[in-house]
Each structure stands twice: as structure tokens, then as C-alpha cells.
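Enquirer: Protein sequences, first through last, are from chains A and B.
Just so it is clear: in the first sequence, position 168 is 168 by my numbering, and no numbers are missing.
Just so it is clear: in the second sequence, position 267 is 267 by my numbering, and no numbers are missing.
Be aware that a few hints might be false.
As the list claims (entries may be wrong) - SDA-like, lysine to any residue: derived pairs with alpha carbons at most 25 angstroms apart:
#	chain 1	residue 1	chain 2	residue 2
1	A	K330	A	L12
2	A	K260	B	A303
3	A	K247	B	N168
4	A	K82	A	N47
5	B	K80	B	V238
6	B	K25	A	K82
7	B	K80	B	M234
8	A	K4	B	W42
Claimed, not checked - If you want a taste of the chain A side facing chain B, the calculated C-beta under 7 angstroms gives, among others:
#	residue
9	C8
10	V87
11	T195
12	T196
13	S254
14	T396
Calculated from the structure, these hints are not laboratory results.
Yeah, the Cβ is synthetic: ideal placement off N, Cα and C, and Gly gets one too.
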Amino acid sequence: MKTKKVLCGILLITLISGLIIGCGKKDGKQSSGDDLAGTEITLTVWNEPNKNDELNMYLQAEKATGIKVNVNVIPESEYSSKLNQMVATKDDSADILIVWENDIRNFAETKGIIALDKYLENSSINQDDFIDAVAALTEGLGATYGLPWCAATEILYYNQDMFDAAGIPYPDNNWSYSDFLAAAEKLTKYNDDGTTAVYGFDLPNTQTWWAGIGGYGDKIYDPSTGRMVIGDGAVSFIEDCAEMVKKGIMPEPSSDTSDKFAAGKAAMSWMGSWNIGAYGDKLDFNWDIATIPTNKIKYNTLHTGFYTINANSKKQDAAWKVIEWLMGEKGQEINSKSSGNPSALKTIADKGAWKVESATTIDNWDAITDSLAAGVFGYTCLPSGVTNNAISLFNTALTGQITAREAVDEAMQYAAETIGYSLK
Amino acid sequence: MEPPFIKKAGLMRKGGPLMKEKGRKNRHLANNLTAYGFMLPWFIGFICFTAFPVIFMFFVSLTNRRLNGISQFIGFTNYKNIFASSTFRNSFKVTIFFTIVMMIVTAVWALLMAFLLNYKQRLNGIFQFFYFIPSVIPSVALAYAFRTMFGKDAGLFNALLSSISGSNVRINWLYNERTVYPVIFFITLFTYNTGQMMLIFRSGLNDVPVDLYEAADIDGAGFWTKFGRITLPMISPVILFNTVTGSISALNGSFALLYPLTGDTGDPNKMTQVLSLLIYNEAFSNYKVGYGCALSVILFLLACVFGIALFGISKKYVYYEN
Numbered sequence: 001m002k003t004k005k006v007l008c009g010i011l012l013i014t015l016i017s018g019l020i021i022g023c024g025k026k027d028g029k030q031s032s033g034d035d036l037a038g039t040e041i042t043l044t045v046w047n048e049p050n051k052n053d054e055l056n057m058y059l060q061a062e063k064a065t066g067i068k069v070n071v072n073v074i075p076e077s078e079y080s081s082k083l084n085q086m087v088a089t090k091d092d093s094a095d096i097l098i099v100w101e102n103d104i105r106n107f108a109e110t111k112g113i114i115a116l117d118k119y120l121e122n123s124s125i126n127q128d129d130f131i132d133a134v135a136a137l138t139e140g141l142g143a144t145y146g147l148p149w150c151a152a153t154e155i156l157y158y159n160q161d162m163f164d165a166a167g168i169p170y171p172d173n174n175w176s177y178s179d180f181l182a183a184a185e186k187l188t189k190y191n192d193d194g195t196t197a198v199y200g201f202d203l204p205n206t207q208t209w210w211a212g213i214g215g216y217g218d219k220i221y222d223p224s225t226g227r228m229v230i231g232d233g234a235v236s237f238i239e240d241c242a243e244m245v246k247k248g249i250m251p252e253p254s255s256d257t258s259d260k261f262a263a264g265k266a267a268m269s270w271m272g273s274w275n276i277g278a279y280g281d282k283l284d285f286n287w288d289i290a291t292i293p294t295n296k297i298k299y300n301t302l303h304t305g306f307y308t309i310n311a312n313s314k315k316q317d318a319a320w321k322v323i324e325w326l327m328g329e330k331g332q333e334i335n336s337k338s339s340g341n342p343s344a345l346k347t348i349a350d351k352g353a354w355k356v357e358s359a360t361t362i363d364n365w366d367a368i369t370d371s372l373a374a375g376v377f378g379y380t381c382l383p384s385g386v387t388n389n390a391i392s393l394f395n396t397a398l399t400g401q402i403t404a405r406e407a408v409d410e411a412m413q414y415a416a417e418t419i420g421y422s423l424k
Numbered sequence: 001m002e003p004p005f006i007k008k009a010g011l012m013r014k015g016g017p018l019m020k021e022k023g024r025k026n027r028h029l030a031n032n033l034t035a036y037g038f039m040l041p042w043f044i045g046f047i048c049f050t051a052f053p054v055i056f057m058f059f060v061s062l063t064n065r066r067l068n069g070i071s072q073f074i075g076f077t078n079y080k081n082i083f084a085s086s087t088f089r090n091s092f093k094v095t096i097f098f099t100i101v102m103m104i105v106t107a108v109w110a111l112l113m114a115f116l117l118n119y120k121q122r123l124n125g126i127f128q129f130f131y132f133i134p135s136v137i138p139s140v141a142l143a144y145a146f147r148t149m150f151g152k153d154a155g156l157f158n159a160l161l162s163s164i165s166g167s168n169v170r171i172n173w174l175y176n177e178r179t180v181y182p183v184i185f186f187i188t189l190f191t192y193n194t195g196q197m198m199l200i201f202r203s204g205l206n207d208v209p210v211d212l213y214e215a216a217d218i219d220g221a222g223f224w225t226k227f228g229r230i231t232l233p234m235i236s237p238v239i240l241f242n243t244v245t246g247s248i249s250a251l252n253g254s255f256a257l258l259y260p261l262t263g264d265t266g267d268p269n270k271m272t273q274v275l276s277l278l279i280y281n282e283a284f285s286n287y288k289v290g291y292g293c294a295l296s297v298i299l300f301l302l303a304c305v306f307g308i309a310l311f312g313i314s315k316k317y318v319y320y321e322n
């Protein structure tokens, strides 16, 4: 009996102590000024740093600033929602948040990130040097809350060996949409039983569906109302893709997640410019790039992430010092070399560090600059649930289960319900 | 100061009747407090991790809370929007269909496996081991493994069918409206819930008195008569237990299986977008936490309805020996 009481007492004391410790406030001091060297900060990002130390911009930032940079990689599929949760719970575990386009306004308005103006006043970063699309995206926030880490675009990748074998001239940045469709058909190879051995064109992915739709003239995203705007252009592009699937030129949507272009099973693919860095010299064939050939207007979606400072960070000065280095010439150069994405700062982008050295077969580097010029921040400003739902419907239309018009109407209806506006 | 009559009767003296009664009460109270003290960690855990989140969910469902924490009270607007949404109506229908079919398929399969294991044969333990092994694999890992096996161009099943048939088989198992449900229900046969059901059925089958079968044999009853008139009634409480847990597992646990297989959009054409997937989509892809909580309340009520319905049916069909 006495033993039970003693045990109970010990358990109770342990429990209460644990609760007090767990609920206690953390003691953190803001590091400042000259004592930043030796500080440790944490940066969140959705992709792994480059394995080559020379191209690991965070490691190089550490060496340059003396500030230890811990990189916290959050899977891309959960990145935005995880960051939103961190802001909601005033989490201070990360100092630098690399924030996506559709989140920066939201985080600024909820005071989850701080304005960088006080730091920019004494910095050499020239905000007038940013590409126009970036300036337009952050208009109306009242201050500068984030600095764009790059300006990635979407381009056409093509297998030169297959073009040579088929006797088709290589695409250039003025290739027409009809030339593209004809080439895709000619490049398709079939097995004896009629199934496709090599596809002329791989299925558009979650990014490049919008390039085709925007290329047909649909606005996709209206920044003044925050609405998704698709219509006849989307219907036409879906119908073109459905026709290609029917003829075996394009694979039908499936649960397979393989990269058919890299595997040599598709002659052409529309993908983000960051794949240049990933492919490098690893592919078994010669390949090059061109701008995405679209029907009515040149269109592709720009992608970036904004370096921001967590409002709850206790090391904001150290975080700024690292961001300042990453946005400097050296940081931007390493980022460009590693990823193949140009800097969002025009003068740095002009120096061409984004021409990935390992991608030795690429001649048409102008595809990147031309794509940047035509790029807009489109679908990336919409909630991912809305765009994923739309892609799912478009893919369903390719299998013939619904028509292209039904897919577009349903996508618009869902966007209206989710974002909160009426279609009437 | 004791009242005189108590002092005269010596009721409060040490060892006296009142002192004995007081001592008994004190010991009783001490015992109770000790017991509650030991249960306290569980209570605290239950309140923090179960009761509070459930109650909080009800309150959040009445707001337009976003994932970034911004929230405003909006009453029942979320519920009005839910019932007006065609996406929800589709998801509700898919959930009911999926739950009922999964419950039946897994229960029938588990009973069949339990029946086979109940036969006295050599290496029974090894058979049981192999029947149960897939159930210990986490649902997500299992789902990803099957997703690869059912792939269209590089999947194992298509490769097997190609080698058997001699032709190039490229069935789009998980993206074809005709094959997606059979594939998913096939995969549910390997989940933990089915393995658990099998073990519980086996235990139930072992408890059926052998003399009932002997008496039936004497009367000349065949296999199906014995199964329908003896086995099923005798294991009906176990069937009830398994169907209730199976339905709850289908309602709540389907997310871990379906998300890797078909994504949160429930491809193809939202045919597999059960409520748990829709909740995830709305809360974490569209950042509408308030709306997601309202959907969760509806899922909770649906689970209650299933439970009540099954217990209601059980009054007519379940046989309790006592």
C-alpha cells in the first residue's frame, strides 16, 4: 500500500514536471551585429542541396558568412501546407523560409514573415534590377517581404538522335504548333501489335498543361480577382492531347511515374528548366532545348521561391546575412550553375551562369531567355488543390471518360467553390 | 471536543467502531485516489490527443479557418456549402460504396482464410504466417508497392500477363474506370485489417462446439447446411465485431491506402475520392481547415450511422449463447 502511494507520488511529480518543462517558454536571444559568425540558422526548402560541394550554395554561404546553415528539406508535395502550419503555430524552428508564389502575400498579411526593407536600405541588392514579373507579383504588399531566388521557366526538351533518325530538322524558338504536332506524329514508333514503342511527345505534367492552355489564349489566372480563368483554349488543347493519345503519339495518363523522355521512350517533353541541371550529361542520347511551341501566343509559367525571414525567428540578422549572400552575385551564380535556372536579377542573369556546364549537348541556350521573356506567374498563384483538381479532370478527358468541355466546366466550378466566387 | 455521549460510549477511542469506520473510509479513499493517480497519465493523454481535438474540430467547423491560422466564426456556412457541392455528393456516394464493399470483401476473405486454417493439416502455422505477413506491412508501403506492380508500362502484372498471353498487355489498371475498383478491393485483402479479422475469425471458429457438428453429421447434414445452421450463427458475434471494425477501418483508414494509389483527387474521375481524401485535399491543398473540419464532422456522423445500423441489424441476426 505504501509502495503504491510512493509510486503514485513519483509518477505525479514526473508528470507535472514534464508538463511545466514542456509548456515553458524557450529562452532565445537575438544575435546581432558583429557576433553573427558561429551562429546557426535553419533554412527550409523543398529540394535537396546539390551533392557537389562547389555547387551547394548553402555550404558556400556558410563558408562565406561564417554562419552555419542547416537545410531542412520538406517534401515538395507537402511543402506549402507545412509552411502554412508553421506560420499558424508561430513555429520558430526555421529562420529562412523559401516561400512559393501563392503563399508570399498570405504570409505577409498574417505577419508570418518580416518586411526586409530595413535590411535592403543598407544592402547592395538593386530591386529595380528584378525581372518585371517578379515586381508585379509582389505589388500591393506595401513592403518587400521576400527576394526571388531564381526565375525558372518551362521549355521543350527534344531527343536529337530521334530527330536525326526521322530526318526532321531540329526545333527552334520559332517552331510553330502545327510543326510540333506533325513532328510528334512522325517521331512516334509503333510495335508490331500496334502499341507504341516510342512516343512522339510525353504527357504534359502538372506544370506544362498550363503552358498549352495559356498558349491557346486562356488567361488561367486573373490577379485582379484571384480567379481561375480557362475556357475554349483549354478545351482545344485537351482535344489536341486526346487526339494524340488516341493515335498513340502521347501516352495516356496512368499511375506510372517514370520520366519517359530521360528513359528514351519519348522524343519530346515539356518540362521545367530545372531539369537541365538534373539531366546534365547523364542521358544516353544527345538532346537540346527550345521554347514551348504554342498555338496562339508564347506562354509558359514562371517559377520561383522567395527568400523570406520567419517573423518568429530569433536570428533574423543572421538570416538576413545569409540571404544577402545568396542573392549576391556569387550565390546567384552557384544557384544558376546548379539548377540551370537564371537569376531573377537581370544583370546577373545576363552573365549566363545558368548555362549548365554538364549539359554539353545544348546549343540553343536562347530558349531560356526567350521563355523568360514570355513567362508569367499564372497557375502557381492559385491554390494547389484547385490546379491539381483541374489536371485530374484534364487527364480524365484524355481517357475519354468525360469530354474536354465537361472537364473544363467542372474545373471552373470547383475553382469557384474553393476560392469563393460565383461563375454567374 | 467530542460530544459527551460519544465520549461515554468510547466511540472515538482508538480501535472504536467510529474510528474503524473512519479508517475504512480513509483507506477506501486512498485506494481510489491511488487508482486515479495511476490512470491520470492516460486521462491527460486522452484529453490532449483525443477529446480536445474532437471537440475543437466541432468548433473549427463553424469557422472559415485557413491553414495559416486566420479564422472567423461563420456558423453553419461550411455545412451549407458542403451540401451544395457536387464534389462532396460524389465523394459521399463513393465513401458509402467503398465502405460497404470493402467490409464485405475483406470479411468474406478473412472468413475463408480462417476456415482454411481451421483444418487440421501439417504446416498450418507456416500457412498462417504467410497469410498474415502482408498485413504487417504499413498500408502506405503496401499501396506504393502495389501501385508499382499495377503500373501500365512497367508493372509486374502486365509483364506477367504479357508473358502468359504472348502479347503486349498494357492494362491501365489504376486509371481505367472498369479496373480501378477490382484492383483496389484486391489490394484491401492484404491490409492489416484483413489479417486481424482472419485471426479473430479463427479464434471464433475454434470456439464452436464440436458436438454440434457431430450431431449434425448424425442427422445427415451436408457441408453448407452445417455452415449455414451451425457455423455462421455460432460465430455471428465475431462477424458483428469484424464488420463494425471493418467499416470503421474503411471509413478512417482508407486514406493511407488510396492516397498513394490514386492521389488526393481520387483518380480516375474522382471514382476513388472517399471523404478522407476530400478532407485532406480541402484542408491541406486548398488550406480550408474549417471546411475540412466540417467534412470530418460529417465523416464522424457517417461512422456513427454505420455503427448504429450494424448494431441494429445484429439484434435480429446475432446469436448470443447466454
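Enquirer: Each hint should be assessed against the structure and marked as holding or not.
Expert: So, going through the hints one by one against the coordinates:
1. K330(A) with L12(A): violated (57 angstroms)
2. K260(A) with A303(B): Given that 25 angstroms is the threshold and the Cα spacing comes to 43 angstroms, the pair is violated.
3. K247(A) with N168(B): holds (17 angstroms)
4. K82(A) with N47(A): holds (14 angstroms)
5. K80(B) with V238(B): It is violated: about 40 angstroms lies between the C-alpha atoms, which goes past 25 angstroms.
6. K25(B) with K82(A): Violated, at about 54 angstroms.
7. K80(B) with M234(B): With Cα atoms ~46 angstroms apart, K80(B) and M234(B) exceed 25 angstroms; violated.
8. K4(A) with W42(B): holds (17 angstroms)
9. C8: holds (4 angstroms)
10. V87: Hint on V87(A): holds, closest Cβ of chain B at ~5 angstroms, below 7 angstroms.
11. T195: Holds, about 5 angstroms.
12. T196: violated (9 angstroms)
13. S254: This interface hint holds because 4 angstroms falls under the 7 angstroms limit.
14. T396: With Cβ-Cβ at 4 angstroms, under 7 angstroms, it holds.
In the structure shown, a violation is registered for the earlier hints numbered 1, 2, 5, 6, 7, 12, in ascending order.
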